[in-house]
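Here are the chains, one letter per residue:
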Amino acid sequence: MRVSTVSQMALLFVGAALINNILLTRFIGLCPFFGVSSSMSTSVGMSLAVVFVMTLASGATWIAWKFVLAPLGVGEFLYIPAFILIIAALVQFVEMYLRKASPVLYRAMGIYLPLITTNCAVLATATEAAKPGFFKMNIALGASLSLGEALIYTLGVSVGFGFALLTFAALRERLEAAPVPESLKGSPIAFITAGLLSFAYVGLAGWFGL
Amino acid sequence: MSDTGQERRLVVAVPPHIHGPESCRSIMLWVVGALAPAAAWSMVQMGTPAVVTYAVCIGTALASEAAWNALAKRPQTITDGSALVTGLLLAMSLPPLTPWWISAVGAAVAIVLGKMVFGGLGWNLFNPALVGRAFVLLSWGGVLSKLPSKGWYRTIDVAGSGSLDAISGATRLAIAAAVRMAKGGYGFDLAAQYRPLLLRNLEGSLGEVSAALLIAGGLVLIWKRIIDWRIPVGYVGAMALLSWGFGSDPIFNVLAGGVLLGAFFMATDYVSSPMTRNARLVYGIGCGVFNAVGRFFGSMPESTTFAILFMNGLAPLLDRIFVPRTFGWVKRDG
Chain W
1 MRVSTVSQMA LLFVGAALIN NILLTRFIGL CPFFGVSSSM STSVGMSLAV VFVMTLASGA
61 TWIAWKFVLA PLGVGEFLYI PAFILIIAAL VQFVEMYLRK ASPVLYRAMG IYLPLITTNC
121 AVLATATEAA KPGFFKMNIA LGASLSLGEA LIYTLGVSVG FGFALLTFAA LRERLEAAPV
181 PESLKGSPIA FITAGLLSFA YVGLAGWFGL
Chain D
1 MSDTGQERRL VVAVPPHIHG PESCRSIMLW VVGALAPAAA WSMVQMGTPA VVTYAVCIGT
61 ALASEAAWNA LAKRPQTITD GSALVTGLLL AMSLPPLTPW WISAVGAAVA IVLGKMVFGG
121 LGWNLFNPAL VGRAFVLLSW GGVLSKLPSK GWYRTIDVAG SGSLDAISGA TRLAIAAAVR
181 MAKGGYGFDL AAQYRPLLLR NLEGSLGEVS AALLIAGGLV LIWKRIIDWR IPVGYVGAMA
241 LLSWGFGSDP IFNVLAGGVL LGAFFMATDY VSSPMTRNAR LVYGIGCGVF NAVGRFFGSM
301 PESTTFAILF MNGLAPLLDR IFVPRTFGWV KRDG
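Chains as they are written, first to last, in our numbering: chain W, 1 to 210; chain D, 1 to 334.
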């Protein structure tokens with residue numbers, strides 16, 4: 001599908017953010033989902049960092065794929081190390097830059113940047129944006145995406161990541177006071193809650209044919 | 001019902017201390033009373049299979065709550081009436097010919113996974129009945145959707161139905177969807193469905209037999225201030241407005257499917273809905289929007305279950321966003 005109109009762009013975004021939510025329908029990136037969701041403030045920082053890193057990373061890897069890896073014919077077996085290297089280096093430079101240039105922004109999401117550098121969700125989204133259909137994360141994606149489409153798609157995925165993370169963090173905060181049985185406290189009840197939350201996202205399957 | 005298994009804590013509350021006559025049990029009994037006419041009418045119309053489904057759902061719900069409390073060594077809570085409401089609502093969301101073991105699994109999952117693992121009544125994040133229904137729908141959706149073909153359902157008599165024979169026995173909602181796909185062929189008149197949907201609809205789940213009785217029960221609960229009007233009004237309003245916007249009949253779309261049962265009796269669950277008034281209105285509208293978009297653009301004929309579960313999940317976030325203004329305080333430094 002070529003994204004040529006505003007409505008198609010909106011569909012691409014919604015399809016990536018909600019209908020094919022990376023956390024609750026694809027179950028990719030679950031480590032930060034469970035790791036930082038125990039408090040709201042860490043979840044906000046993580047969500048910002050994911051939006052920032054994912055969009056940046058898939059923009060960079062898209063360019064690397066299009067102009068280096070694919071033309072040289074080495075992409076098929078080199079893309080994982082290449083993408084990881086690009087993403088990690090990029091995030092490190094951004095972190096160093098942010099620390100000096102914008103201390104406010106660095107305090108908000110600084111410590112989460114290195115944490116998600118090699119996160120599977122970032123790599124999966126970057127791969128999907130460069131070679132659509134690889135993970136079958138979004139059937140609306142055609143054989144290839146333009147850079148603009150790749151960025152909108154990645155923005156959708158990362159906003160959906162943040163939305164699911166904040167939803168889950170608010171639920172877990174409510175659980176803090178609950179008299180959950182001793183043996184289920186902590187991670188077990190978090191997994192049960194995440195499972196029930198993903199029930200609701202099943203209801204989104206197939207919306208608009210996405 | 002003050003002792004819920006937690007250690008007793010010193011509670012310091014601010015005045016005014018006004019004691020309300022309601023208790024958890026009296027509220028639950030009002031809900032059961034409001035659902036009773038619709039449930040009784042569905043038993044009259046559907047006969048033995050309906051009675052079996054009700055009995056299995058309510059019985060399993062009570063039994064699993066009792067069993068969990070016994071195993072977890074917690075005070076027995078089956079007399080608070082909430083398991084009764086959960087079982088009743090689950091039964092009303094299922095088709096009458098549901099195999100008894102599916103009803104039983106649904107009720108057990110509703111009580112145990114939907115409520116007890118979170119610490120019992122008052123702590124469940126999602127509506128327990130809908131957790132049970134979503135579980136059986138996702139596990140045995142094929143079984144549930146094939147039920148009508150077993151011959152219990154009657155063919156709908158629609159003037160000039162002609163080609164409708166192919167999907168006879170389907171719910172009115174499914175027929176409306178099929179007609180929509182076929183760009184308004186078949187002459188399926190939505191306005192002619194008001195009367196059967198209000199009074200006697202044998203195609204669908206047990207809670208869909210009479211929309212009129214559901215509305216009456218819901219209005220009684222609103223009048224008794226047991227449920228907040230904002231949730232059903234937001235839900236039904238959004239549903240009607242959107243289905244009108246999508247070019248369909250708003251009244252038909254409110255009466256058909258699970259909207260009324262969901263809006264009055266499921267979305268209004270105290271525990272899993274937001275606490276503040278504005279958040280409740282937004283929550284209700286969100287349910288209606290999800291339900292309408294899911295019905296018109298989704299892959300399933302109805303999405304009430306998932307609409308309410310989705311908004312249940314958002315309820316704590318909505319509470320954080322719509323914090324009521326505190327009067328009598330001055331904002332520090334703006």
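Source of the hints: derived by calculation from the structure; they are not laboratory data. Values in this document were obtained by computation on a predicted structure and should not be read as measured data. Just so you know, even glycine gets a beta-carbon here, dropped at the ideal spot from N, CA and C. Where hints are given, some of them may not hold.
So the derived label-pair ranges between C-beta atoms look like this [to be verified]:
{"id": "1", "chain 1": "D", "residue 1": "W101", "chain 2": "W", "residue 2": "A89", "range": "39 to 47 Å"}
{"id": "2", "chain 1": "D", "residue 1": "A66", "chain 2": "W", "residue 2": "C31", "range": "34 to 42 Å"}
{"id": "3", "chain 1": "W", "residue 1": "K185", "chain 2": "D", "residue 2": "A40", "range": "40 to 48 Å"}
{"id": "4", "chain 1": "W", "residue 1": "S39", "chain 2": "D", "residue 2": "A66", "range": "31 to 39 Å"}
{"id": "5", "chain 1": "W", "residue 1": "C31", "chain 2": "D", "residue 2": "K73", "range": "52 to 60 Å"}
{"id": "6", "chain 1": "D", "residue 1": "E22", "chain 2": "W", "residue 2": "F27", "range": "55 to 63 Å"}
{"id": "7", "chain 1": "D", "residue 1": "G122", "chain 2": "W", "residue 2": "I63", "range": "47 to 55 Å"}
{"id": "8", "chain 1": "D", "residue 1": "S139", "chain 2": "W", "residue 2": "F77", "range": "50 to 58 Å"}
Coverage of chain W stretches by chain D, computed from C-beta distances (three or more under 8 Å per stretch; other residues unrestricted) [as the list claims (entries may be wrong)]:
{"id": "9", "region": "170-176"}
{"id": "10", "region": "197-208"}
Exercise for the section: Compare the structure with the hints numbered earlier in the document and write down the numbers of the violated ones, lowest to highest. Expected result: Hints 1, 5, 6 and 8 are the ones this structure does not satisfy, whereas the remaining hints hold.
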